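Dock chains A, E and S with the ligands against the given chain R, drawing on the hints supplied.
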Amino acid sequence: MTQTNTAPLARYRTMRRIRSFEERVGELFLRGASAGSMLHLSIGEEAVVGVTAAMTEGDSFTTHHRGHGVFIGRGADPARMMAEIAGKEAGYCRGKGGSMHIADRALGHLGANAIVGGGIPHIVGAGLTYRNLRSGQVSVAFFGDGAMQQGILYESMNMAALWHLPVLFCCINNQYGMGTRVDRSAGKLAFSERAEAFGLTGARVDGTNVEAVHQVATALVAGARAGQPGYIEIDAYRFYGHARMDKSPYRDPEEEAEGRLRDPVVTARARLAVAGLADEADLARIDAEAATEMDAALEYAVEAVAPPLASMFEDVYAPGTAQPRPQRDRLAAILSEGSRA
Amino acid sequence: MTQTNTAPLARYRTMRRIRSFEERVGELFLRGASAGSMLHLSIGEEAVVGVTAAMTEGDSFTTHHRGHGVFIGRGADPARMMAEIAGKEAGYCRGKGGSMHIADRALGHLGANAIVGGGIPHIVGAGLTYRNLRSGQVSVAFFGDGAMQQGILYESMNMAALWHLPVLFCCINNQYGMGTRVDRSAGKLAFSERAEAFGLTGARVDGTNVEAVHQVATALVAGARAGQPGYIEIDAYRFYGHARMDKSPYRDPEEEAEGRLRDPVVTARARLAVAGLADEADLARIDAEAATEMDAALEYAVEAVAPPLASMFEDVYAPGTAQPRPQRDRLAAILSEGSRA
Amino acid sequence: MSAFETTYREAIRQALLDAMQADPDIILIGEEVGLYGGAYGVTKGLIELYGAERVIDAPISEPGIVGVAVGAAMTGLRPVAELMYVDFVGLVMDQLANQAAKSRYMFGGQIGVPMVLRTQGGTGRSAAAQHSQSLEAWMLHVPGLRLVMPATVNDAYHLLREALRQPDPVVVIEHKGLYTMKGVLDVDTPDGEWGQPVIRRAGTDVTILSYSRMLHESLAAAEVLAGQGVQADVIDLRCLNPLDDTMIFESVRRTGRAMVVTEAALTGSVASEIAARIGEACFDWLEEPVLRIGGEDIPIPVSPALERGAIPSAALIAEAGLWLVKREAPAWAP
Amino acid sequence: MSAFETTYREAIRQALLDAMQADPDIILIGEEVGLYGGAYGVTKGLIELYGAERVIDAPISEPGIVGVAVGAAMTGLRPVAELMYVDFVGLVMDQLANQAAKSRYMFGGQIGVPMVLRTQGGTGRSAAAQHSQSLEAWMLHVPGLRLVMPATVNDAYHLLREALRQPDPVVVIEHKGLYTMKGVLDVDTPDGEWGQPVIRRAGTDVTILSYSRMLHESLAAAEVLAGQGVQADVIDLRCLNPLDDTMIFESVRRTGRAMVVTEAALTGSVASEIAARIGEACFDWLEEPVLRIGGEDIPIPVSPALERGAIPSAALIAEAGLWLVKREAPAWAP
Ligand SMILES: Cc1ncc(C[n+]2csc(CCOP(=O)(O)OP(=O)(O)O)c2C)c(N)n1
Ligand SMILES: Cc1ncc(C[n+]2csc(CCOP(=O)(O)OP(=O)(O)O)c2C)c(N)n1
Ligand SMILES: [Mg+2]
Ligand SMILES: [Mg+2]
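Protein chains in written order, with full-length UniProt numbering: chain R, 1 to 341; chain A, 1 to 341; chain E, 1 to 334; chain S, 1 to 334.
No lab work stands behind these hints: they were computed from the structure.
As the structure is a computational prediction, the values presented were derived from the model and not from experiment.
Treat the hints with caution; some may be incorrect.
In silico DSS-like links for lysine-lysine, alpha-carbon gap of 25 angstroms or less [said to hold, decoys possible]:
#1 E:K182 - E:K44
#2 E:K44 - E:K176
#3 S:K44 - S:K176
#4 E:K44 - A:K247
#5 E:K176 - A:K247
#6 S:K44 - S:K182
#7 R:K247 - S:K44
#8 R:K247 - S:K176
#9 A:K188 - R:K188
Only chain R is shown next, with the shape it has when bound in the complex:
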């Protein structure tokens, strides 16, 4: 339940934790401990917490490849996340998925997806489940502006509207899909018009204002729960490169500098102080706690052990059903004198 006094502070804390987490992911990479370099930081997009906070227990979601922030917003354990990003056995997915494929059934995370748009229809399917079971749950898809040009999004929107499903489409518009600014990828930028044309309730919100996002999201989630699916677009800016190796040479430095001024964490912090909901000491403590928590997550991930080699054959199919046959077993069966005699 949203409490006018403490909730904004809680949201700030979550945003700060996301920011700190992402900074540690960068460090993990620099220390050579990440599984690969396909690490997409959500710095600048922390106002998504306005949406995650509008969801309740039992609601589910999918994310795109830049989904760390969303997951933390829904209650993720940063240590297990970081361990997954490091490809370790202790990670959320036993080191099989990594940054782009984190999931957690318990928290309703139906999966981050490395196919742009790939996870979007899954929430429509979840919505179908909730409708059929009359469970009152909502499912939310988080994706980027790039996914606005994937056809499957419109198929998903249409089905959601046609069947009045309890779902919300959340576009985190950070202005870029890799090196392509959104005006170079879309014929028309008023994306919420698209959503409306497909029968959704559409809205676009300033991504520096987590409370505004939260207000709109709360209404849309309620609408979705009542069978009117919605679309919310968070107008943000991608602070850094697309992935860890990208220095965004295709961006105008001036634009970039300006974009980074649109900082949802800094803005929220200032607003809390102005509104008298927290003083500098409170905020500094929150910041420090986040830093400590994420330092620990980083160390946990670095220390954690790699998955055993044989685990690669597990989880292809459910336990107790036919399992993949390791190549060496096959080769041995062919080549060992025994079977060829």
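Using the frame of chain R, we list chains A, E and S with the ligands on its own:
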């Protein structure tokens, strides 16, 4: 060039020819001479002639599976069409494509398609060619209301708008996709809003009024030629079943009877008479000529010979390049004493 | 009473009926599965029985439909998504191979996708290049997916029932040419074990391996061969992914000769996989090369005569078999 | 001067440059091919040279992009569509297999689709299950398509140049692990004939057949084998569809032993097709079974150690080769 006096009559003639052609396709099937039963008649959709007449020589197009009428509108030879539908060597595609895959490079027909939505992006590609070559041509995609729920349509619309391509999207909304009425497949029915949201100029026109269709199409084709892609929807009714075997048991007979009153051919005929552009004798002559022409096309197709068996290996790859190896040749090479000695 | 004669189509319908009756979480979703009753009539009447919430007529949005099924499966339903023609699988391979098949793995075992994708393929109706294909090889090559292709009325029922009990995604490919085929359905007794081939005819001279409609061409060929004194062991592969090859190897080691028959374009087909496995595991037992017989490496032409010519017939299988076993060359041999 | 050392990445870029210079109808279309210069830097600088009408940054709309390329190819351009990862091919298989590959056939030879689809695949970057696959087998199984996979710097150039002269659609799959590999590019002299394999190392005891990055593992294995007195004939398959098997058969008939190596999940792979063909055509010459060595039948895990373990290594190939040729079992043998 449209001439106010003779053009409407010419359009009527084309519509009547389409109607007669489709009736003969039905006969071809009943005589057991069609290649299969996947025959989709465009009866009730003849006002599409308003669009085909707005195109000029050199313009290209693709159609869906219900494209006979469109092709006749663009000048097809009905005999070669009918022969193709019968799977004969003399057909447009040497008996390889059939009703759902008719094409004619000479007339700009880039292909009928049996994948709902499959041919739509091809006109965007054609538009890219015309833009790059500054050729002044336009390309038009014809498809049904069913394709409005295929994601590739929106990807295509977006690219067309983004790159200002000379293309037109023409939705022949006959209210049904197989047994599904359009209100059971779309969350919102004002499809031209979708097109507009993607940056196209959109319009919906009464499908019993070929002249109205022609007027709107002429403006949209001109706009497209100037770099503003368009969308036109023809509001029609599918008179008969989805394909030849379908008796539409899922349709309300009353609705069907009413729908068939919305007859574009009958309406056009009456309007011509009322406007004094033709008298009953003229119109009867046109009707009779169409009947005679299509009778001849039917007989031509029935008489035509089947393609030679060996032709199945041709046209997989271009002549002069590596060709598929017939199975018997391979088996013979393996099994004949010679090569195993 | 539990065994009766019916058609392949009705057997599938019965399986859906029985499964939906037993498990309220099963839903059907696909184009025309409801009011229309399915493009080939398989789901006729189900919407009247189970309502529009469980029998869902979907828009023409194949990628979306499969994606919706994935999400529904992840959250507790057991969807049967229908793809009207396997030819459209090119639209959904991402949702099938990257999403449905890999979720359990990527997510470290947390999230399974217990869904079934029903579809049908094959030639026989002059439906041309985009409505006549046999594309099972694409799905054979996807770890995490299961793939079954029933050839008999009884299997049409039981493989689907079993698919609906699996914790992982199963693709069921029916054959459009088999829907009207009659046979005995025994709802209590499957033709064989889930995941295993079945020997449909016992023989000692050559093993013929096939599945789906080609099983029947193979059985017809076996009759012809029997007339010439050649007894063929005819094996129905049924469950293609994962592929259990034990029974295959046993048979070939007995007969010393093998032919693998598929309706699909031969290159890169299921037949190639089977032949390669036999070549590895039965090398010392083989008297002759493992012969593959498949569709020509061409798109399917619409013209009926060409269409028939593009795929294997009982006659061709028998000719090749005689040549293989008795060194009797057919008329078309060089 | 026409031969110089460069990288695989630069060779591809050079091919695009030279081809675009020679043929104004060639356009590039794909995600990030312009300003960004390609996800792997292959198209860097081309938009500056040829402008945004010929180097087209496309929205993230893979099915649409390939469809646009098909239409452009039908009407006179020669598009090079880029799919950033072959893993996304599941989104475009309809446009590729049902449209690009079948148009010439369905339309009776009237309309060809002279387009190239460039993409890259393979493991090596801990990019996980949706960015590490080797999916060439799907395209092997599509009549009407051509498929090439360069393993060397010179082939990276020449196969692409030749693909851009073909009247039919060609898929070119590069390997992400090879972009930084150095080698000699001779722009006047291809490694071999278009459509044919190339013998990369001559030997007499065993034929090792592979392609793309696995060629290099195979060559490394051949070195190890040579140290043990086993001389391997190493063949680079290069052009997989259509597959010309003449040279393959010649080699295996000489050596009497064959191993086919692929990085892809083994079941249903290109290796299975090659093994099946050898089994048919070289039966009387084979001393030992045709051995397939491939990726495990699992999705690719993100963890680096697991990822490496999921695909063949030079060590494994050499071990299998020694076992095959000299009956020397490796340490892991039972
Ligand atoms: C289907 C697909 N196409 C392309 C890619 C490569 N890719 C990964 S992220 C990305 C940009 C996505 O942009 P956006 O959706 O705006 O998300 P952002 O990265 O900005 O958060 C691209 C093109 C992919 N992973 N999947
Ligand atoms: C991708 C794909 N999905 C489904 C089908 C099966 N199918 C053929 S026509 C049709 C209905 C199409 O409806 P619409 O687009 O309105 O065209 P109409 O038949 O009404 O002219 C369907 C579902 C198909 N051919 N292709
Ligand atoms: Mg973005
Ligand atoms: Mg329709």
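Consistency of the hints with the structure:
The straight-line distance between the Cα atoms of K182 (chain E) and K44 (chain E) is roughly 18 angstroms, inside the 25 angstroms bound, and the hint therefore holds. Taken as a hint, the K44 (chain E) and K176 (chain E) pair is honoured in the structure, with Cα atoms around 16 angstroms apart against an allowance of 25 angstroms. Note on K44 (chain S) and K176 (chain S): the hinted pairing holds, with a Cα-Cα distance of about 16 angstroms set against a maximum of 25 angstroms. This hinted pair checks out: K44 (chain E) and K247 (chain A) have alpha carbons roughly 15 angstroms apart, not beyond 25 angstroms.
Proximity of K176 (chain E) to K247 (chain A) is assessed by CA-CA distance (about 20 angstroms); at most 25 angstroms being required, the pair is judged to hold. Pair hint K44 (chain S) plus K182 (chain S) holds up; C-alpha atoms about 18 angstroms apart against a cutoff of 25 angstroms. For the hint pairing K247 (chain R) with K44 (chain S), the CA-to-CA distance comes to about 15 angstroms; that is within 25 angstroms, so the pair holds. Note on K247 (chain R) and K176 (chain S): the hinted pairing holds, with a Cα-Cα distance of about 20 angstroms set against a maximum of 25 angstroms.
Taken as a hint, the K188 (chain A) and K188 (chain R) pair is honoured in the structure, with Cα atoms around 20 angstroms apart against an allowance of 25 angstroms.
Of the hints listed earlier, there is not a single one the structure fails to meet.
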